[in-house]
Amino acid sequence: MANILEVKNLTKRFGSFQAVTNVSLTLVKGELASLIGPNGAGKTTFYNMLSGKFSPTSGRIIFEGRDITGLPPNKIARIGIGRSFQITNIFNGMTVLQNILSALIAHYGRGRSFLSLYWKDRKLMDEADKILDSLGLLSFAHIPTTHLSYGDKRLVEIGIVLANYPRLILLDEPTAGMTPEETEKMIGIIHRLANETDTTFFLTEHDMKVVFSVSQKIFVLHQGSLLAEGTPEEIREDQRVREAYLGGTFDA
Amino acid sequence: MNFLNGVSLGMLLFLISIGLTIIFGVLGVLNFAHGSLYMLGAYFCFQAVSLYQNFWVAMILSPFIVAVVGGIIEMSLLRPVYGRDVSFQLLLTFGVLLVLDDAVRLIWGSGYHIVDPPEALNGIVHVYGFTYPVYSLFILFIGPLIGLGLWGFFRLTLWGKKIRAASMDREMAAGVGINVNRLFTGVFMFGAWLAGIGGTLAAPLRAIGPSMGEKIIIESFIVVVIGGLGSFPGAFVGAMVLGVINAYGAQYLPKATMALPYILLAIILLTKPRGLLSREA
Amino acid sequence: MGGVFSKKRALALWAAGLFLVLGLPFIINTYMTLLMTEIMIMGIFALSFNLLFGYTGLLSFGHAAFFGIGGYITAFLMIHDFPSMPLAILVGSLVATLAAVVVGYFSVKLDEIYFAILTLGFGMMFYTLAHQWRSVTGGSDGLTGLVLPSLGAGFLSVNISTPKSFYYVVACLFVFTVAILLRIVRSSFGLVLMSIRENKERTAFTGIDIRAYRLASFVISGLFAGMAGGLFAIFDRMASPSMLHWTASAEPVLMTVLGGAHVFLGPVVGAVIFFLVEYMITKFTDIWMIFLGAILIPLVIFFPEGVLGTILAKWGKKQHIKGEEGARGEHS
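Protein chains in written order, with my numbering: chain A, 1 to 252; chain B, 253 to 533; chain C, 534 to 865.
Misleading hints may appear alongside valid ones.
[Unchecked claim] No farther apart than 25 Å at their CA atoms in a straight line, the calculated lysine-lysine pairs in the DSS-like style are these:
#1 A:Lys-75 x A:Lys-29
#2 A:Lys-53 x B:Lys-524
#3 C:Lys-847 x A:Lys-53
#4 A:Lys-29 x A:Lys-53
#5 A:Lys-75 x C:Lys-733
#6 C:Lys-541 x C:Lys-847
#7 C:Lys-850 x A:Lys-153
#8 C:Lys-733 x B:Lys-524
#9 C:Lys-540 x A:Lys-53
#10 C:Lys-816 x A:Lys-120
#11 C:Lys-540 x A:Lys-120
#12 C:Lys-697 x A:Lys-123
#13 A:Lys-75 x C:Lys-642
#14 B:Lys-524 x C:Lys-642
#15 A:Lys-53 x A:Lys-130
#16 A:Lys-53 x A:Lys-75
#17 C:Lys-816 x C:Lys-697
#18 A:Lys-153 x C:Lys-540
#19 A:Lys-209 x A:Lys-130
#20 A:Lys-29 x A:Lys-217
#21 A:Lys-185 x A:Lys-209
#22 A:Lys-185 x A:Lys-217
If you're looking for bench data, these hints aren't it; they were derived computationally from the structure.
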């Protein structure tokens, strides 16, 4: 049972505001974990540190035994951590296929080939098709993403992450703004990927239904600090967590 | 001597640059046509002086007309492209530059025009053993006066505060009920008015020609970048730095003088891109 | 963006274009031949600019620096009896490429406006160099006295100082440029550039080193700009500092926006429009830039995709309504 991620005493201060305080946690390889907490708890900041967007003020991040603290986003992506965004962050002027291809090209380091037409690369195109198919987006391959529904755009968002074949996927509110059907679809995708590969998932969510149906382990963040961690049942029972949420969102 | 020279040239640059930097700060637009507005100020000054034989009338009239032109430009041309990519806004104001620069040639011809300084400010004066044109001294004093007036306006008046607020956070400003459209038009006209003043003041100092706008816009960009885009005191600092460097450069490094502003620009952009006065490195 | 034309039709159009380019001198007079030559040279310049602007999303306002460097080096070599014109152009391009590596290295650290201003600054630095360094560059007079030699060896030598033969030299390089740049923008590299343009943050998160790719784009762009400059110096029989001024840098920008930045041939169409407007207006008056401005402004406001871009978009809409599917993955 190898630890894929070890976070030690991670802190982030912005001027006088401390967004994340002394958070330590461990993720086991292949695990499906969630990070929850009220708005402003510091979840996105935490993710930003894990994915390299921000440098921590102090603390260490160890991924697969390797210290990746403070590395830039592109290096962290290459090392094997993928991240989806809360606000859909895809390549807008391009087709769905091109979105996925861009990430694939980056993953395989094919960006250096500048004189061969990209659609002639069979391997690349086939893999892109496979990814699109797994998300149910194959029929949209040549549609510019601007024409897609919000839910489908979120799926493209996931597709871009998957195309990097990360071993740890950080999902920042993947079902934000989705309809119930779309949410079901997303849960299904996450479950299927978890079963078929040993990718580790770490998601943040406000939708407690998603959290409890997907997670094996839940971490609770409150005002920048780790309040509690445990299995879904343990968290459901946890008094401190209930207080933090002021008895609101737990009736999943 | 050279120091004083540099400073007085810097004053003119300052007037133009404040307008440029405020327009950027509030509207988010880098107005390529700002030098052309300055040039219009000079031409209108010439026209007014030809018509009324009175420089002071020109001082009032000319900047006002430039402001009106600015208002027309903002309302009809700039407003449609606010949401768009920065490059498009740059291109739009560049198009305005093309139109204005040729328009002056159409109206006033391609040759140079001269405006004499008003009687009261004509002649030379002896300062520290050097001869110095009275008019240049006038610029030297009026610059800081205007600067002080502007500082007071921004710090103390309601409109000034609204502009500063909008410059810092456009969305919030709209949220608290400031009519952003009118504010934008007002700010652009204000910037144009300042450029017009700069041009009017500059008219007796330098020959008026169709390439005035081109020449000064790049220097204004440099000033504004040095001081920090959107920063009002920065415009002052930047203009002074550039003015002095130009003056001293002309004396000590004549051949490299031309390149100095650009070298300075590059250094600032690569070390302190938010300007000399910013806190970041 | 899916292709507007089917593969067959697109190929036919390209072939027709090639035919036109190669056959034109036989049906037009000398003045028009010279005009078309100049259009192609500026077309190369504008295409090189658009690799950086339309495809990578970086607006450079100092691209004339590389154009001018290519021009000056080529002119310098030719004036000093350099034996081979093609080699002179090549050397000019290579020196321009080197300059692009240096300028690009510093410039790609910045974004948007700051990038535009910095490149403008660098461009003007080169301008002042050309203007002030009288002994080497001829100062404000520039380098003059270029004489075109004959091309080729022995019995194959061709006198390229006639408009028609120089037209063909330029046409060859123009076609070459189009072919290579078309390949580049349709390659995996090209796709990465576009993703950087669309969303550079996301591209970084897929593992791409943004600066490296931007620099590569900048350098390739500088290479072709230098080549265009070399050709222009020969065309004009001289190199002058105005080739490096920021107003010269504005020309490829204008042409690209006129024709359309998101269409491959947009810059070329823009060059045609640019020169046509100049040609038509200068018959009556010297003051023609105002018309360019008058065209540019409504274009930016109402037709940001440029003339070609807007036409193709409308065509594409019609095709979609007709039910025709675009070719797989092709850009027009």
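Verification of the supplied hints:
no., hint, result
1, A:Lys-75 x A:Lys-29, "holds (20 Å)"
2, A:Lys-53 x B:Lys-524, "holds (21 Å)"
3, C:Lys-847 x A:Lys-53, "violated (41 Å)"
4, A:Lys-29 x A:Lys-53, "holds (23 Å)"
5, A:Lys-75 x C:Lys-733, "holds (15 Å)"
6, C:Lys-541 x C:Lys-847, "holds (20 Å)"
7, C:Lys-850 x A:Lys-153, "holds (22 Å)"
8, C:Lys-733 x B:Lys-524, "holds (22 Å)"
9, C:Lys-540 x A:Lys-53, "violated (42 Å)"
10, C:Lys-816 x A:Lys-120, "violated (50 Å)"
11, C:Lys-540 x A:Lys-120, "holds (14 Å)"
12, C:Lys-697 x A:Lys-123, "violated (47 Å)"
13, A:Lys-75 x C:Lys-642, "holds (17 Å)"
14, B:Lys-524 x C:Lys-642, "holds (12 Å)"
15, A:Lys-53 x A:Lys-130, "violated (29 Å)"
16, A:Lys-53 x A:Lys-75, "holds (11 Å)"
17, C:Lys-816 x C:Lys-697, "holds (24 Å)"
18, A:Lys-153 x C:Lys-540, "violated (29 Å)"
19, A:Lys-209 x A:Lys-130, "violated (29 Å)"
20, A:Lys-29 x A:Lys-217, "holds (12 Å)"
21, A:Lys-185 x A:Lys-209, "holds (13 Å)"
22, A:Lys-185 x A:Lys-217, "holds (21 Å)"
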